[in-house]
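Starting from the given sequences, assemble the full structure and let the hints guide the process.
Chains A and B, in that order, are what the protein sequence lines are. Using the working numbering, read the first sequence as starting at 1 and increasing by one per residue. Using the working numbering, read the second sequence as starting at 1 and increasing by one per residue.
Keep in mind that the hints were calculated from the coordinates and are not lab data. Some hints could be false.
The calculated lysine to any residue pairs, modelled on SDA-like cross-linking and capped at a C-alpha distance of 20 Å, are [said to hold, decoys possible]:
hint: 1; chain 1: B; residue 1: LYS154; chain 2: A; residue 2: ASP262
hint: 2; chain 1: B; residue 1: LYS159; chain 2: A; residue 2: LEU157
hint: 3; chain 1: B; residue 1: LYS159; chain 2: A; residue 2: LEU265
hint: 4; chain 1: A; residue 1: LYS37; chain 2: B; residue 2: LEU105
hint: 5; chain 1: A; residue 1: LYS37; chain 2: B; residue 2: ASP131
hint: 6; chain 1: B; residue 1: LYS272; chain 2: A; residue 2: ALA258
hint: 7; chain 1: A; residue 1: LYS37; chain 2: B; residue 2: TYR127
hint: 8; chain 1: A; residue 1: LYS37; chain 2: B; residue 2: LYS272
hint: 9; chain 1: A; residue 1: LYS37; chain 2: B; residue 2: LEU137
hint: 10; chain 1: B; residue 1: LYS159; chain 2: A; residue 2: TYR267
hint: 11; chain 1: A; residue 1: LYS37; chain 2: B; residue 2: PHE139
hint: 12; chain 1: B; residue 1: LYS154; chain 2: A; residue 2: ILE279
hint: 13; chain 1: B; residue 1: LYS61; chain 2: A; residue 2: LEU157
hint: 14; chain 1: B; residue 1: LYS159; chain 2: A; residue 2: ASN266
hint: 15; chain 1: B; residue 1: LYS272; chain 2: A; residue 2: ALA264
hint: 16; chain 1: B; residue 1: LYS272; chain 2: B; residue 2: LEU105
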Amino acid sequence: MTAEELVLAQEESAMTAPEPVTLGRGRIVLRRFLRRKLAVAGLVILVLMFALAFIGPYLSSWNYKDQDYNNFLTGPSATHWFGTTQIGSDVYAQTMRGLQKSLIIGLLAAVLSTGVAGIVGATAGYFGGWTDRVLMWFVDLLLVLPSFLILAITSPLFHGRTWLLFVILLAAFNWMVTARMVRGLARSLREREFVTAAEVMGVHPLRIITRHLLPNMASLLIIDATLNVGGTIIAETSLSYFGFGVQPPDVSLGTIIADGTDSALNYPWLFYPAGVLLILTVMAVAFVGDGLRDAMDDAAGTASSTSTPGDAA
Amino acid sequence: MGAFLLRRIVNYLVLITLATCLGYLLAASSLSPREYFAQRQPPPPVASVNATLNQLNLNDKTPLEDRFAHWAKGVVTGDLGKTIDDTSVSAEMGRRMGVTLRLVLFGTISGALVGVALGFISAIRQYRPSDHTITFLSFLVLSTPVFLLAVLLKIGTVKINQAAGTTLLPYTGETTAGLAGGWFRHLVDRGQHLVVPTLSLMLGQAALFSRYQRSAMLDVLGADYIRTARATGMRRGPALVKHGLRTALIPMATLFAYQMGMLLTGVTFTEKIFGWHGMGEWFVDSIGRQDVNAVAAMVLFTAVLILIAGLLSDIAHALLDPRVRD
Numbered sequence: 001m002t003a004e005e006l007v008l009a010q011e012e013s014a015m016t017a018p019e020p021v022t023l024g025r026g027r028i029v030l031r032r033f034l035r036r037k038l039a040v041a042g043l044v045i046l047v048l049m050f051a052l053a054f055i056g057p058y059l060s061s062w063n064y065k066d067q068d069y070n071n072f073l074t075g076p077s078a079t080h081w082f083g084t085t086q087i088g089s090d091v092y093a094q095t096m097r098g099l100q101k102s103l104i105i106g107l108l109a110a111v112l113s114t115g116v117a118g119i120v121g122a123t124a125g126y127f128g129g130w131t132d133r134v135l136m137w138f139v140d141l142l143l144v145l146p147s148f149l150i151l152a153i154t155s156p157l158f159h160g161r162t163w164l165l166f167v168i169l170l171a172a173f174n175w176m177v178t179a180r181m182v183r184g185l186a187r188s189l190r191e192r193e194f195v196t197a198a199e200v201m202g203v204h205p206l207r208i209i210t211r212h213l214l215p216n217m218a219s220l221l222i223i224d225a226t227l228n229v230g231g232t233i234i235a236e237t238s239l240s241y242f243g244f245g246v247q248p249p250d251v252s253l254g255t256i257i258a259d260g261t262d263s264a265l266n267y268p269w270l271f272y273p274a275g276v277l278l279i280l281t282v283m284a285v286a287f288v289g290d291g292l293r294d295a296m297d298d299a300a301g302t303a304s305s306t307s308t309p310g311d312a313a
Numbered sequence: 001m002g003a004f005l006l007r008r009i010v011n012y013l014v015l016i017t018l019a020t021c022l023g024y025l026l027a028a029s030s031l032s033p034r035e036y037f038a039q040r041q042p043p044p045p046v047a048s049v050n051a052t053l054n055q056l057n058l059n060d061k062t063p064l065e066d067r068f069a070h071w072a073k074g075v076v077t078g079d080l081g082k083t084i085d086d087t088s089v090s091a092e093m094g095r096r097m098g099v100t101l102r103l104v105l106f107g108t109i110s111g112a113l114v115g116v117a118l119g120f121i122s123a124i125r126q127y128r129p130s131d132h133t134i135t136f137l138s139f140l141v142l143s144t145p146v147f148l149l150a151v152l153l154k155i156g157t158v159k160i161n162q163a164a165g166t167t168l169l170p171y172t173g174e175t176t177a178g179l180a181g182g183w184f185r186h187l188v189d190r191g192q193h194l195v196v197p198t199l200s201l202m203l204g205q206a207a208l209f210s211r212y213q214r215s216a217m218l219d220v221l222g223a224d225y226i227r228t229a230r231a232t233g234m235r236r237g238p239a240l241v242k243h244g245l246r247t248a249l250i251p252m253a254t255l256f257a258y259q260m261g262m263l264l265t266g267v268t269f270t271e272k273i274f275g276w277h278g279m280g281e282w283f284v285d286s287i288g289r290q291d292v293n294a295v296a297a298m299v300l301f302t303a304v305l306i307l308i309a310g311l312l313s314d315i316a317h318a319l320l321d322p323r324v325r326d
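Written out as structure tokens, the structure is:
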């Protein structure tokens, strides 16, 4: 089927790296990571983005909900750093709020979806048989339906409710590819001595999955969660662009860009700040994810890197 | 190979059926056509709303399984039901499908070709400035959501047109309204309209393909058979293209199927932003209109296209890799 072979290739590369957990591992990974200039640059940008998103709103006296009735569609100035919108909202305050929202939603949804992928994939891989077949078949089905379609169709369900529901749905349709990877890894780990030893001692299967299988895939899951952040941010902003995601009066980078699209030519400040921040964020995430992969991959030296920040959308 | 393909096709048909049913059930339970009518001014009487909803098979008071059975019975006979404005879904789909297919076709083909070429150049000139440039640009494009890319392209086109003082590249709609002239003039006009929207799809494709092609090609470069080919006196270029590229293309066949979902997501943004009246635009508008049957039609269309891409990739895989033909 569609992504199968692709995933298989990744499974293989993941299998060659059974991590020997030694004391100095964290430091080795850190040192390898710091040697990659792009990855470090990405990390710095990401930290700056988070700082901007959470400290930025306090630097200006405007709130994203405020309206300045003396300034409609004015350009950047000392009072309104990024100018104002048609209804007098402060673009700086809105952009900061939007960045905050997009970052939180992206981060939560990515972590959640990797968590689901880990549990489903490990369960399918460990138990095999019918559990495996049913779960993987479900994964196949969801791969045929792009998550964007499903999320757009179900968007009326979370209108007027908490945005956390949106996060849950975003994660609920984003875990399939990772689950396949985890499954492959779990199938090979299942044959290892320490798992057999645990089985002989009568350890409960669920405990084997949580204590023996998942910790052994930690690096795969960490890398995947990182790269997923870029994908979920793109998915969230894309849905929000059409009004299927974050609902007004709240804003996300997607809704800000949607509002600014039509006036982008004549009033560029409505459009560019959010656009630039969005691209920078997703790119920074991709660089960090790539750096982490290279740093954690014990078979380092393979120059291949196939990061795809745009997977989800 | 015949049996192999047949098995695949059966598998795909089952998946299409299930995906479409799932799409319908999701749409029917999350959209509320009643609201669409209730919000009209002046509000129509409840009885007449009920009558219309019943006629369109959209009444939320009818149990979901009954509505589903009614819809499924129609679909089996080729009738996709009525839109919320009481027109035929099948007819509307027929009008719009071609528009979307045109974008998808040109977008995929040009994107895959450019991406493979860039990835190939990138790999055989690894760590040279050209490699770094291609890598950076592909990261930049992949980090730009389609809606942002499309809007940026639109702005760029407007700037170019302004600089040229004439409409070099049109950027709204698929044809110029009321254009006079022969078929050739119309063909050129359609071609011109196609350029910018196709670009908005093609860039992402090219970036994605170039990343995968680069790493596949790098894996192949050090292979023994390339060295053997070189040892027989074959020059580097022909050896790389004839023996290297062919092997490195195999993973691309899989990627081709895999990215179809992404492309079909992207096409909704392209159509909305450039004003093309295709399936994607219809889908987005239909959700706003709580139009269950139209949304289900888009799910069917998407599932079919993704699985055709899957089938094509199976065939390409079998052609490129003799080991698959069992």
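Results of checking the hints against the structure:
| no. | hint | result |
| --- | --- | --- |
| 1 | B:LYS154 - A:ASP262 | 10 Å, holds |
| 2 | B:LYS159 - A:LEU157 | 41 Å, violated |
| 3 | B:LYS159 - A:LEU265 | 9 Å, holds |
| 4 | A:LYS37 - B:LEU105 | 39 Å, violated |
| 5 | A:LYS37 - B:ASP131 | 17 Å, holds |
| 6 | B:LYS272 - A:ALA258 | 12 Å, holds |
| 7 | A:LYS37 - B:TYR127 | 15 Å, holds |
| 8 | A:LYS37 - B:LYS272 | 39 Å, violated |
| 9 | A:LYS37 - B:LEU137 | 17 Å, holds |
| 10 | B:LYS159 - A:TYR267 | 14 Å, holds |
| 11 | A:LYS37 - B:PHE139 | 15 Å, holds |
| 12 | B:LYS154 - A:ILE279 | 17 Å, holds |
| 13 | B:LYS61 - A:LEU157 | 18 Å, holds |
| 14 | B:LYS159 - A:ASN266 | 12 Å, holds |
| 15 | B:LYS272 - A:ALA264 | 16 Å, holds |
| 16 | B:LYS272 - B:LEU105 | 18 Å, holds |
The structure fails hints 2, 4, 8 (numbered hints given earlier, in ascending order).
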